[in-house]
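Novice: Sequence:
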Amino acid sequence: MTATDPPASQAEPDRGDLIPFRQALRTWFAISLQTFGGPAGQIAVMQRALVEEKRWIGQQRFNHALSYCMLLPGPEAQQLAIYTGWLLNGTRGGLAAGTLFVLPGVVALLALSALYVGFGTTAAVTGLFAGLAPAVVAIVAQAVWRVGRRSLTHPLLVGLAVASFMALAFFQVSFPVVIVIAAAAGWLIARWRPGVFKSAAHGSGDDGPSPLIPDDALHRERPSRRRTVRILVTGLLLWAVPVAAVAVLTGTESVFTTQGLFLSGTALVTFGGAYAVLAYVAQQAVQTYGWLSAGEMVRGLALAETTPGPLIMVVQFVAFLGAYRDPGALDPWAAALLGALLTTWVTFVPCFLFIFLGAPYIERLRGNRHVSSALSGITAAIVGVIASLALYFAEHTLFTTVDDHTFGPLHLAVPDLATFRPVALGIALVAGVLIFRLRWSVLRTLGICAALGLTAALAGAPGI
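Taking the numbering used here, I'd label the letters of the sequence shown as residues 1 to 464.
These are calculated hints, taken from the structure and not from any lab test. Positions of the beta carbon are idealized from the N, C-alpha and C atoms, including for glycine. Among the clues, some could well be false.
What the hints assert, rightly or not - Cross-link-like lysine to any residue pairs, in silico, SDA-like; alpha carbons within 20 Å at most:
hint	residue 1	residue 2
1	Lys54	Pro209
2	Lys54	Phe29
3	Lys54	Gln34
4	Lys54	Asp17
5	Lys54	Arg149
6	Lys54	Ala30
7	Lys54	Ala44
8	Lys54	Phe21
9	Lys54	Pro20
10	Lys54	Ile19
11	Lys54	Leu72
12	Lys54	Ala96
13	Lys54	Val106
14	Lys54	Leu25
15	Lys54	Gln23
16	Lys54	Leu33
17	Lys54	Leu66
18	Lys54	Pro73
19	Lys54	Ile43
Said to hold, decoys possible - Taking CB as the label site, the calculated pair distances span:
hint	residue 1	residue 2	range
20	Phe29	Arg55	17 to 23 Å
21	Thr400	Ala459	14 to 20 Å
22	Leu417	Arg92	39 to 45 Å
23	Leu417	Asn368	40 to 46 Å
24	Gln23	Thr401	52 to 58 Å
25	Ala451	Glu53	32 to 38 Å
26	Val402	Pro176	23 to 29 Å
27	Val371	Leu412	34 to 40 Å
28	Gly120	Gln23	28 to 34 Å
29	Arg439	Met166	28 to 34 Å
30	Gly195	Phe407	38 to 44 Å
Construct all of the structure, not just a fragment, from the sequences and the given hints.
Specialist: Below, the structure written as structure tokens:
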């Protein structure tokens, strides 16, 4: 098949490949080993491999696919891999690309979670985490800066971000409620002040040989009722059956059922990347369910930052610890493995369902002004959501004890100044300089901070 043949999106997805399937597998596996640094870095890796080097897809076509994924809940980089894999090799291509994208991270984080549970009290491991946690504070602060700089282009949007921050940080409004209100606010703002939202066009430069899938080969597949029902039923069954099986075998009140249901729900509201939903996950996992402590939530995020794949993989660490500590009738290690794998399943299966089911519909909605304004409102609110996460992590990293105080609807988390950790502050400042001033990568910064934490622990520094 040549570049002049109709693209996979215009043909039956499973009949023929635009590229040999084995070649696609090798490429997606190579990409999966380089997916460090969050969605921006992951998308850049695919951009370089698929658009610039192999010329499998044109730049504008790649950007169109990315715009679809930005409309969906879930990790957009993995969804972009699923979509591109589907475009090149049909359904099996999408399944392979999406699975390989997360597989190395799943294996690596399982090993790191087991290491933490087994050896987390040793001086060396404690020191490593003492260095990683303050670095995460700087990393999340950078996320606030980056997203805010791109999104808050009008005072009304700044106000929406501040309101979202206040709602989460001081009034404990749940994350899904914030998202719904932000979408409604975005729609109302667009009707009242249409000039507030100015969409930025994607770059379209694309030098070099003609790509296998040219830019003008836009997705034109019209969804059929039969196709929609088939994909919807199959996807929902694959998503729900493992949770139902766990509920039958371990009980509806078991930690596995609770984790499966809770994290299935979060998969539906992860607009704006992992940082946006992590405030909600941290709040529920720590305060409501008690699966782990706030400090451990920060350490889990640090581990997820050091492994390839989507950052939302941190929920695997959360589930591992929660199931290990409440195993029911199972061996704690078997329970931890079951909780981690079930959580991974319910987190990422929806990504496949959303892409296979929704791409034709999302293409029709791409130019819809009402949908775009609602999503812009969500994007602005996400800045406030990430800022609340930064505050949460900073308080529980820089202070050993944080007391909760409630005054009617107002909820304040007040750190105990006597438990201040100067070493953590010093490492956080170093991380800030490395990231903001020297523009070091996340992985490199984490490595330096881990070394600093280990050195401080071995030297007997207080507060580690």
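Novice: Does each hint fit the structure? Answer for all of them.
Specialist: Quick rundown of the hints versus the structure:
1. Between the alpha carbons of Lys54 and Pro209 the distance comes to roughly 10 Å, so the proposed pair stays at or under 20 Å and holds.
2. The straight-line distance between the Cα atoms of Lys54 and Phe29 is roughly 15 Å, inside the 20 Å bound, and the hint therefore holds.
3. The straight-line distance between the Cα atoms of Lys54 and Gln34 is roughly 16 Å, inside the 20 Å bound, and the hint therefore holds.
4. Distance hint between Lys54 and Asp17 is fulfilled; the C-alpha atoms sit about 16 Å from each other, no more than 20 Å.
5. For the suggested pair Lys54 and Arg149, the alpha carbons sit about 33 Å apart, so the restraint of at most 20 Å is broken.
6. With a C-alpha separation of about 13 Å, the suggested pair Lys54 and Ala30 falls inside the 20 Å cut-off, and the hint holds.
7. Annotation: proposed proximity of Lys54 to Ala44 holds, straight-line Cα distance about 14 Å (limit 20 Å).
8. Between Lys54 and Phe21 the CA atoms are separated by roughly 15 Å; this keeps the pair inside 20 Å, and the hint holds.
9. For the hint linking Lys54 to Pro20, the alpha-carbon distance of about 13 Å falls within 20 Å, and the restraint holds.
10. A hinted pair counts as satisfied when its Cα atoms are at most 20 Å apart, and Lys54 with Ile19 qualifies at roughly 11 Å.
11. Between Lys54 and Leu72, the direct Cα distance comes to roughly 27 Å. Violation of the 20 Å bound is thereby established for this hinted pair.
12. Proximity of Lys54 to Ala96 is assessed by CA-CA distance (about 18 Å); at most 20 Å being required, the pair is judged to hold.
13. Taken as a hint, the Lys54 and Val106 pair is broken in the structure, with Cα atoms around 27 Å apart against an allowance of 20 Å.
14. For the given pair, Lys54 sits about 14 Å from Leu25 by alpha-carbon distance, which is consistent with the 20 Å threshold.
15. The hinted pair formed by Lys54 and Gln23 meets the criterion: a straight-line CA distance of about 11 Å does not exceed 20 Å.
16. Proposed proximity of Lys54 and Leu33 is supported: the alpha carbons are some 17 Å apart, at most 20 Å.
17. Only pairs whose Cα atoms come within 20 Å are accepted, and Lys54 paired with Leu66 is accepted, the gap being roughly 18 Å.
18. With a C-alpha separation of about 29 Å, the suggested pair Lys54 and Pro73 falls outside the 20 Å cut-off, and the hint is violated.
19. For the hint pairing Lys54 with Ile43, the CA-to-CA distance comes to about 15 Å; that is within 20 Å, so the pair holds.
20. A C-beta distance of roughly 19 Å is found between Phe29 and Arg55, which places it inside the suggested range of 17 to 23 Å.
21. A C-beta distance of roughly 19 Å is found between Thr400 and Ala459, which places it inside the suggested range of 14 to 20 Å.
22. Between Leu417 and Arg92 the CB atoms are about 58 Å apart, so this pair departs from the stated range of 39 to 45 Å.
23. As the Cβ distance of Leu417 to Asn368 is approximately 51 Å, the hint placing it in 40 to 46 Å is violated.
24. For Gln23 and Thr401, the Cβ-Cβ distance of about 56 Å falls inside the hinted range of 52 to 58 Å, so the restraint holds.
25. Between Ala451 and Glu53 the CB atoms are about 34 Å apart, so this pair conforms to the stated range of 32 to 38 Å.
26. Against the hinted window of 23 to 29 Å, the Cβ-Cβ separation of Val402 and Pro176 comes to about 25 Å, which satisfies the hint.
27. In this structure the hint that Val371 and Leu412 lie 34 to 40 Å apart at CB holds, the actual value being about 37 Å.
28. Distance hint check for Gly120 and Gln23: the Cβ-Cβ separation is about 42 Å, which falls outside the suggested range of 28 to 34 Å.
29. In this structure the hint that Arg439 and Met166 lie 28 to 34 Å apart at CB holds, the actual value being about 31 Å.
30. Checked against the given bound of 38 to 44 Å, the beta carbons of Gly195 and Phe407, roughly 40 Å apart, stay inside it.
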